[in-house]
Amino acid sequence: MDKNFSRTDRVAQQVQQEIAMILQRDFKDPRIGWVTVSEVEVTKDLAYVSVFVTFFGKEEEEIAEALEILNKANGFFRMEIGKRMRLRIVPEIKFIYDNSLVTGIKMSNKVDEAIQKDKVRRAESGKNPAEDLDD
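Residue 135, in the numbering used here, is where the sequence shown stops; the numbers in between run on with no holes.
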C-alpha cells in the first residue's frame, strides 16, 4: 500500500471527526441547523480538503445559504483544525452539499410505493403472491 495514500486516509478521517465536532460544539450559527459530515476527501499534498455535508429538513435555498455560510467561515474552520491537528500545512476547506442520503431516501420510498402498488394489483386480481414463487 502506498504510504501517502494511507496518510491521506488518516488525515481525511481525522478532519472529518474534527469538523463534525466543531460544527456540533463551536460553530454557533442557527441558520446552519442540523448538519452531518458525510465524507471528507483530501488531496495527496494535504493542501485541500473537500467536506461533504448533508442538511436535514432544508429546502434548496436554505441549503445554498448554509453552504455559503460554511464556506465563508473557512478561516474559522482552518484555525480550529490548526489548533486540533498536527499538520505542517492547514488545508483549504471547501464545503460541498452531499445529496446522496436524500436521493437514497427518495429511491427507497419509490421502491416501497412500487411494492405497495403491486400488492394492491395482486389483491384486486385475486392472485396470491406465493403462487408466483412456485412457477
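No lab work stands behind these hints, which were simulated from the structure alone.
Don't take each hint at face value.
What the hints assert, rightly or not - Mimicking BS3-like on lysine-lysine, the simulated pairs with C-alpha atoms at most 25 Å apart in a straight line are:
id, residue 1, residue 2
1, Lys44, Lys58
2, Lys106, Lys117
3, Lys106, Lys58
4, Lys110, Lys58
5, Lys83, Lys28
6, Lys94, Lys83
7, Lys72, Lys106
8, Lys58, Lys72
9, Lys119, Lys106
10, Lys58, Lys28
11, Lys58, Lys117
12, Lys28, Lys94
Quick rundown of the hints versus the structure:
Under the criterion of a C-alpha separation no larger than 25 Å, the hint pairing Lys44 with Lys58 is inconsistent with the structure, at around 33 Å. Restraint check for Lys106 and Lys117: the C-alpha separation of about 16 Å stays at or below 25 Å, so the hint holds. Among the hinted pairs, Lys106 with Lys58 is consistent with the structure: their alpha-carbon atoms are about 15 Å apart, no more than 25 Å. For the given pair, Lys110 sits about 21 Å from Lys58 by alpha-carbon distance, which is consistent with the 25 Å threshold.
Annotation: proposed proximity of Lys83 to Lys28 holds, straight-line Cα distance about 18 Å (limit 25 Å). A hinted pair counts as satisfied when its Cα atoms are at most 25 Å apart, and Lys94 with Lys83 qualifies at roughly 18 Å. The suggested pairing of Lys72 with Lys106 is violated, with an alpha-carbon distance near 30 Å, which exceeds 25 Å. The suggested pairing of Lys58 with Lys72 holds, with an alpha-carbon distance near 19 Å, which does not exceed 25 Å.
Proximity of Lys119 to Lys106 is assessed by CA-CA distance (about 20 Å); at most 25 Å being required, the pair is judged to hold. Among the hinted pairs, Lys58 with Lys28 is consistent with the structure: their alpha-carbon atoms are about 18 Å apart, no more than 25 Å. Between Lys58 and Lys117, the direct Cα distance comes to roughly 29 Å. Violation of the 25 Å bound is thereby established for this hinted pair. Note on Lys28 and Lys94: the hinted pairing holds, with a Cα-Cα distance of about 19 Å set against a maximum of 25 Å.
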